[in-house]
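The primary structure of each chain is shown beneath.
There are 2 protein chains.
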Amino acid sequence: MKVQPVRGMRDFYPEDMAFRNWLFERWRRASRRAGFVEVDGPELEPLELYTEKSGPEIAEQLYWLEDKSRRRLALRPEFTPTLARMIAARQAALPEPIRWFNISRCFRYERTQKGRLREFFQWNVDLVGIAGEIADAECISLAVDAMKEVGLGPEDVQVRINDRRLLAALVRHLGIAEDRVPQVFGILDKRDKVPAEALAGLLAEAGLEAQQRQGLERILAWQHLEDIDARELATPEVHAAVEAIHRLFALLADYGIAEWCRFDIGIVRGLAYYTGPVWEVHDCKGELRAIFGGGRYDRLLGDTGGKAMPACGFGGSDVILGILLGERGLRAEPETSTEYFVASASEASLPQVLQVVRHLRARNRSTQFDLKSGNLKRQMKKAADAGARFVVIVTEEFARSRRVTLRDMSSGDQRDVGLEELGA
Amino acid sequence: MKVQPVRGMRDFYPEDMAFRNWLFERWRRASRRAGFVEVDGPELEPLELYTEKSGPEIAEQLYWLEDKSRRRLALRPEFTPTLARMIAARQAALPEPIRWFNISRCFRYERTQKGRLREFFQWNVDLVGIAGEIADAECISLAVDAMKEVGLGPEDVQVRINDRRLLAALVRHLGIAEDRVPQVFGILDKRDKVPAEALAGLLAEAGLEAQQRQGLERILAWQHLEDIDARELATPEVHAAVEAIHRLFALLADYGIAEWCRFDIGIVRGLAYYTGPVWEVHDCKGELRAIFGGGRYDRLLGDTGGKAMPACGFGGSDVILGILLGERGLRAEPETSTEYFVASASEASLPQVLQVVRHLRARNRSTQFDLKSGNLKRQMKKAADAGARFVVIVTEEFARSRRVTLRDMSSGDQRDVGLEELGA
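So the protein lines, in turn, are chains A and B.
Using my numbering, the letters of the first sequence correspond one by one to residues 65 to 488.
Using my numbering, the letters of the second sequence correspond one by one to residues 65 to 488.
FYI, nobody ran anything at the bench for these hints, they're computed from the structure.
Among the clues, some could well be false.
A pair counts as met if it fits within one copy or between any two copies, since identical chains are not told apart.
Straight line, CA to CA, 25 angstroms or less: simulated BS3-like cross-link-like pairs of lysine-lysine [unchecked claim]:
hint, residue 1, residue 2
1, K132, K178
2, K436, K371
3, K132, K254
4, K349, K257
5, K178, K257
6, K254, K212
7, K445, K371
8, K66, K371
9, K132, K257
10, K178, K212
11, K178, K349
12, K66, K132
13, K349, K254
14, K254, K371
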């Protein structure tokens, strides 16, 4: 029986796992220095947690099953609904603002392609309880800090920022009915993923008139916040949204990350629950999908059974970031598994070898020995295979002298040392 | 909409997550110093990976789903079959012995009870390529080391060791047919979980005669390896198995862990694939289920499509160990989220506050500030709520002097410091 892994899911051999651990450690470090604490939830959640709030795109991509009591359970496609459920369950007891981060394994049953797998890890950061742009800025600042932490700069990646309130106001100003806005957002979010003609077709299918489609095209061509039409800017709704974006950019300048950030009217985000600023981190060459993405979701917590609370956050997967770092040569080298390899000069001395092994491991030194008790030449080869930095050679003398030979594998230098000195 | 989490699955609020991280870190540290490297696989695997090899008990407890192509996928109930699949896929390229560890989220759909959840984390250690008892001893030694690492001693936990070859030889010696052995093992594995009469009933149902059942009862009453009947010991099969156990215990003495280990004829393990030594770590009071369990599985790799390779290993869940550590008062305290809280003496100086925040975070100091820009009294309360060790007070003077007031929250001491000194 030769079994293949499931399509779109990964095996993590030691070198893959070393990168994953390296990346997670950097995400954790950046999160903690910004004052966020780690949380987690189950990977199986009631299906309705996603079908009702995440929007139709996510709902179609769920892996789900029916349990023996005919309850429908879904493998989490994202963490935010779990976070909303957890906050609703303990809302009165949690000091505000809530600053949580999480590294979740998530599942989405969609077509696999470059940067898109069916099982991936998502770093998720949420800041709950603050309505002002300072919370959005705090999240964007953490995303930028994580980029620095893995060795990327503003010439590599950019945060592209928009506000759904602005886009919604502009769409309504084009005379598009309120109840069509979510559908139009869903189509606009596909802008980078489908050809322009296909997009126009989808908008026509959604009932938009030619003039409205042309209006949208004109808006999406804007490069700067200053490009906004004076007539539109005179609309109070549009004006207020533009003011909010200006406040956010002023804060990003105070955070010292202005050069990492730019306005982009085309950023919409696929999830249904966003209500304010939305943003994505993209590679500057524009070759890859969004690396991180997030925004404000002020209604989700109230809708998930808790009291209404303003909230914002972001998520980012290991997959696209891994591709980008690989292309830039910034992926971590695999960890060396072994620091010391204890070899025996005579086949009989396993108890002595084990004494030395125990001594080194008790000092938290990564230590191996030849489990097959081969001759010294074979042991030296094993030590080299294991990538050992040092070989300790134990002879029959050891029982009396408590001394061993320590060989540095990179320099080839050997010296005689007492057991107490070893691994100190 | 108020959604409840799935039964038998856990939310990890910050204090729960702190314990999980603390425990995983110790598992990782113990694994690495024994020369093991971390690997992982998908959480969704083809259903047949488990139904064919893990045995009927596991197969009944699977969460599984059918995908759009009608392939049956299961949430992993354990890691070993994934490991066997991964090794089979790259066998020629992997240097032997293979020393891998893994911390997996696993799922078993069974009745929830103390120490048994439907979603749990399992630390999994495997050593592949070595047939001798030294490999089993290496694994047991790592399990003991992990127990030490979390603060437990031989007065708290014991490794109870048996060998399936011994038990199989004894069962055959009672005249029980070869093809009934797996079923009898399955029943014996339930010994601690069902009353004695129920066990006798199950054995009768399996077709064992009264004399065979009495023989089994007599054998299971043995306390020491020396209790084995001389007539049985004269059987070559039994004799060879006893010799192997003696060799293993001699090695455990060489590892310095004899006082942690004892022979227990009643240890069987529920999984179908074990072929040699089997062992479990139990609390000495015998109040809880097994904390860790493992053994030798020399046929699994060949059966999973690779070439046959001797292998052994063990797994242990976070749940029972968490209960035991909780009862002994050994559970870690939750991490403090915040080291520094930067407060402003005047509401207008947010840009100055952000300068100090950026400075501290750039030095990897966990730093928060009041996102709602309250007055100083309110900020001091926020700092206390966040558990901050230090409060940094920024006044209007800062723009000119680049100096701040540093307050130690535990002593109440305050002093004036320059920005460059802060967080150094």
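Structure-based check of all given hints:
no. : hint          : result
1   : K132 <-> K178 : between (37 angstroms within a copy, 21 angstroms between copies)
2   : K436 <-> K371 : between (64 angstroms within a copy, 19 angstroms between copies)
3   : K132 <-> K254 : between (38 angstroms within a copy, 24 angstroms between copies)
4   : K349 <-> K257 : within (15 angstroms within a copy, 61 angstroms between copies)
5   : K178 <-> K257 : within (12 angstroms within a copy, 49 angstroms between copies)
6   : K254 <-> K212 : neither (29 angstroms within a copy, 54 angstroms between copies)
7   : K445 <-> K371 : between (64 angstroms within a copy, 23 angstroms between copies)
8   : K66 <-> K371  : between (52 angstroms within a copy, 11 angstroms between copies)
9   : K132 <-> K257 : between (40 angstroms within a copy, 24 angstroms between copies)
10  : K178 <-> K212 : within (24 angstroms within a copy, 45 angstroms between copies)
11  : K178 <-> K349 : within (16 angstroms within a copy, 54 angstroms between copies)
12  : K66 <-> K132  : between (30 angstroms within a copy, 22 angstroms between copies)
13  : K349 <-> K254 : within (19 angstroms within a copy, 61 angstroms between copies)
14  : K254 <-> K371 : neither (33 angstroms within a copy, 47 angstroms between copies)
Consistency with the previously given hints fails for numbers 6, 14, ordered from lowest to highest.
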